[in-house]
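Enquirer: What follows is each chain in one-letter form.
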Amino acid sequence: MKRKWEQFKKSYLLYSFKRDPVAILSFCVLVLLLLIGFAAPLISPTNPYDADSIDIMNSEIPPVWSEEGVEGFILGTDVQGRDLLSTMIYGLRLSIVIGLGAVMLQALIGISFGLLAGYLGGKIDALLMRLADIQLSFPYLMVAIFISAIFQIVFGIGRYADLAVPLLVVIIGLAEWPVYARTVRAAVIGEKNKEYVEAARVIGLSKRIIMVRHVLPNTLTSVMVISTIQVANAVMSEAALSFLGLGMPVTRPSLGSLIRSGFEYIFSGSWWITIFPGILLVIFVMVINLLGDWLRDVLNPKLYKG
Amino acid sequence: MPHLLEVKDLEVKFALRFGELTAIDGVSFALEKGERLGIVGESGAGKSVTGFAIINLLSKPGYISGGQILFNGNELNNLPDSAMRDIRGNRISMIFQDPMMTLNPVLTIGTQMVETLQAHRDISTAEAEAISLDKLKKVSIPSPGKRLKQYPHEFSGGMRQRIVVAIALLNDPALIIADEPTTALDVTIQAEIIDLLLDLCAMENMGLILITHDLGVVSEVTQKIAVMYAGKIVESGPTARIIENPQHPYTRGLIKALPGIISPGEQLYQIPGMMPTLTNIPAGCAFHPRCTLSVPKCQTDIPDLLSAGGEDHLAACFVTAGGA
Amino acid sequence: MFAFIVRRITQAVFVMIVISLVGFSIKNKIGDPVRDMVGERVTPAEREVLRDDLGLNDPFLVQYARFLKNAVRGDLGLSFFHKKSALKVIISKAPATLELVFVAALILIFVSFPIGVFTAIYPNNWFSRFTMSFSTLGVSIPVFLTAIMLIFVFAVELNWLPSYGRGETVNLWGWDSGLVTADGLKHLILPGFSLASIMMPLFIRLIRSEMMEVLETEYIKFAWAKGLHRRRIWLLHAFKNTLLPVITVFGVQIGIMFAFTILTETVFQWQGMGFMFLEAVERSDTSLLVAYLVVVGAIFVFVNTVVDILYGFVNPTVRITGRK
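Chains as they are written, first to last, in the working numbering: chain A, 1 to 306; chain B, 1 to 324; chain C, 1 to 324.
Everything labelled a hint here was simulated from the structure, so no lab data went into it. Predicted, not measured: the structure shown is a model, and the values here were computed from it. Don't take every hint at face value.
In silico contact screen, one side only, chain A against chain C (beta carbon under 7 Å); selected entries [to be verified]: (1) S137; (2) P139; (3) M142; (4) F155; (5) M236; (6) G278; (7) I279; (8) V282; (9) N289.
Lysine to aspartate or glutamate pairs mimicking DMTMM-like chemistry, simulated, CA-CA at most 25 Å apart [to be verified]: (10) B:K149 - C:E218; (11) B:K60 - C:E213; (12) C:K221 - B:E11; (13) C:K221 - B:E220; (14) C:K221 - B:D172; (15) C:K221 - B:D186; (16) C:K221 - B:D81; (17) C:K221 - B:E266; (18) C:K240 - B:E20; (19) C:K221 - B:E20; (20) B:K13 - C:E218; (21) C:K240 - B:E154.
Just so you know, even glycine gets a beta-carbon here, dropped at the ideal spot from N, CA and C.
Excised from the complex, chain A in its bound form:
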């Protein structure tokens, strides 16, 4: 373990990271946001989920620096009277959890399928890739929206809201696994013909061991490259679903739900309910994208064009 750390410290990755101010800045902001999200209960001024602490009379108070601002509510309050800053922090946490969870699910399914398809080839490959292709011919957002819609009808709105977090993880995870599958499969096919695989086969190792212990680690660079984009996508998908009302409910809002609830009030002048969560969301997604760009350039400039 210590050796790996030593290796990492000397690696090209770290070297180019230290020389890229954009990467460093993005990384710091990202870590900060992650910390804020995970430490939500500790640092948030109020607990927006505690029904007792919310007074509907407090709704739509503007940020503290404007005329009608109130001391305790730094960024103002939302339509239900909750402190906007607290709700945003909790919302960020939800976005992080769902984003990461969905990507892990996608990766799990996608990598397994891609590994099997790429290494075993033949009918399994054809079947899995057909499946992936058909699903890929539809935009992932559409798939996610559709699955959410069906789930909402099946479970009913109440139960759907209760199960929202795991359901969203499942929905977004199911919607995007083909990306991982395709990428891993391509990498596996590239590795399959290399000598170390033949050597392993000659020794008599089982297919499973070769796939998991030998080929898989070498495909991880491509996985890393697409993972950042996928996390950004997952966060945006969750925001989109919540905005449509198919995601996190108003009682436990994510950033997307907040934007939704604040939207109608833009016309009556309460712009902060939509704008602040919006800014937070954009910053969060942008630092992920920037880091992803840098990672892509460092690992392999030609790997992922789009």
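Knowing the structure of chain A, use the given hints to seat chains B and C on it.
Expert: Frame of chain A, contents of chains B and C only:
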């Protein structure tokens, strides 16, 4: 009476992030109307760069840092782009190495030929097509009428190169620069293209600069040779004399390496070592690390091109051409 | 070419079958056609009779076959809420969405192509640098946020453009069009821009990188060597080669745009198919949902197939081999 083409002390540098590299270091030669010159050397010697420099088509970090290029007495190297356009494809044509890559895959042969004519002359498409057909016949393309509507991928490598030659001929240029025109082709096709170039140049009295690493081809086609090494000309003169009696150790090595000279069963000769990259050019004579004749002076001083056995025959070597 | 088209169409049919199967399964397991027809106030006994009558207790495949038969005739079931044929409801909402996508596509093409080409030819220009750094930001802003901000700036603060609805539409042979009235066009601007903004950063990047690659090719260099005018080189020789990959991506992106109409229509209260879809979800109108799936699925398959076939026309090399 000015030369058709005269290159005087041409210098080409590449401006890179960590400094400047000299690709061509003081190259001079001249060419008369209808004359055929071969520029010979290994890859990286700077031959192609010379060709591109003449029509000012150097790829981005490259630029002409010194010297003069005179075409019929008129300076080329400082011409504005619009004037240069008049020359390219019109008075001086260029043929590239790989016919697969030279023709635009999404445009028909006809389009690519007609546009070359219409870019330089005010003629109708019908007239342009007629001229194109004529040139296609000249390069022996069968049923040229059908060809104009076809796409490059429908032709074989040899035919494509013929088409490229035809395009080069369209505006009846005074000079053709052929950059490794046969390297990417099969050996049998190579001979055809070389013969074609030879015939056409003789017929139309066109000048030809043949850039190649293949001494064998050069010996058949050209009247003069310039041998390049690491950005400089190390030997130049009439073809026959250089082949018969090479003065520079590098040229001698090249000729020795020609398969035709060796008897069957004998080991093929190879000049030991490799040509230096642009960043590693040795001090003194660039060839000295690989040279069997080198003396101490070769390591410190750069030899000039001096007369070596005949007035036109020049070589840059302290040992064989003097100046030691 | 013909074989290629046939193969593509067979593939399309196959995908449509899969879609119809998925749609039908959903309808069968989740939807309640009895409720769709007669509402909630029926006794369980009457329900059973109705179910038998409607053939709802038949085996799965029999029902599926019936579904397909009806589908081909244009009967995709009844919308519970609208009390009309689901297909009719969708068709009535389609013009709104189609016009929106059309306008967005136009905006996308007319903005991203020039910018993409410009930033490829002049990468160090201040405008190019600005655009490229802006693109990461652009990708990170979700479409609904862009829409909201556009509304906030142009409708609420500046009051230049309307913030919701389609405005005045004119019924042209059953198609409610907003394109022919000035008011309708004004209403199309903000939603159109919002929708186009999703794809713009991607497209500009794509066109730029493709163009830059093309500009480095041998055949472009040859075009310069022929002395062609630079505008012709950029806009014909280079651009036509850039089109090929861009067209494929464009086709796929049209599909994605459709998905995002759901979001855009929500923000702008645009009475199109996406808005209808969300209403159907809120009202648990399964028939309509499934009908939407089938129709939109068909549109995707159609667009993808057409794009593939078009690609075959533009890229001559595909036609001959029939393979990509």
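Enquirer: All hints are to be evaluated individually against the structure, with a verdict given for each.
Expert: Cross-check of the supplied hints:
no.	hint	in the structure
1	S137	6 Å, holds
2	P139	4 Å, holds
3	M142	4 Å, holds
4	F155	11 Å, violated
5	M236	5 Å, holds
6	G278	5 Å, holds
7	I279	9 Å, violated
8	V282	5 Å, holds
9	N289	5 Å, holds
10	B:K149 - C:E218	22 Å, holds
11	B:K60 - C:E213	14 Å, holds
12	C:K221 - B:E11	22 Å, holds
13	C:K221 - B:E220	29 Å, violated
14	C:K221 - B:D172	20 Å, holds
15	C:K221 - B:D186	24 Å, holds
16	C:K221 - B:D81	15 Å, holds
17	C:K221 - B:E266	43 Å, violated
18	C:K240 - B:E20	36 Å, violated
19	C:K221 - B:E20	24 Å, holds
20	B:K13 - C:E218	21 Å, holds
21	C:K240 - B:E154	19 Å, holds
Violated hints, listed in ascending order, are 4, 7, 13, 17 and 18; each of the other numbered hints is respected by the structure.
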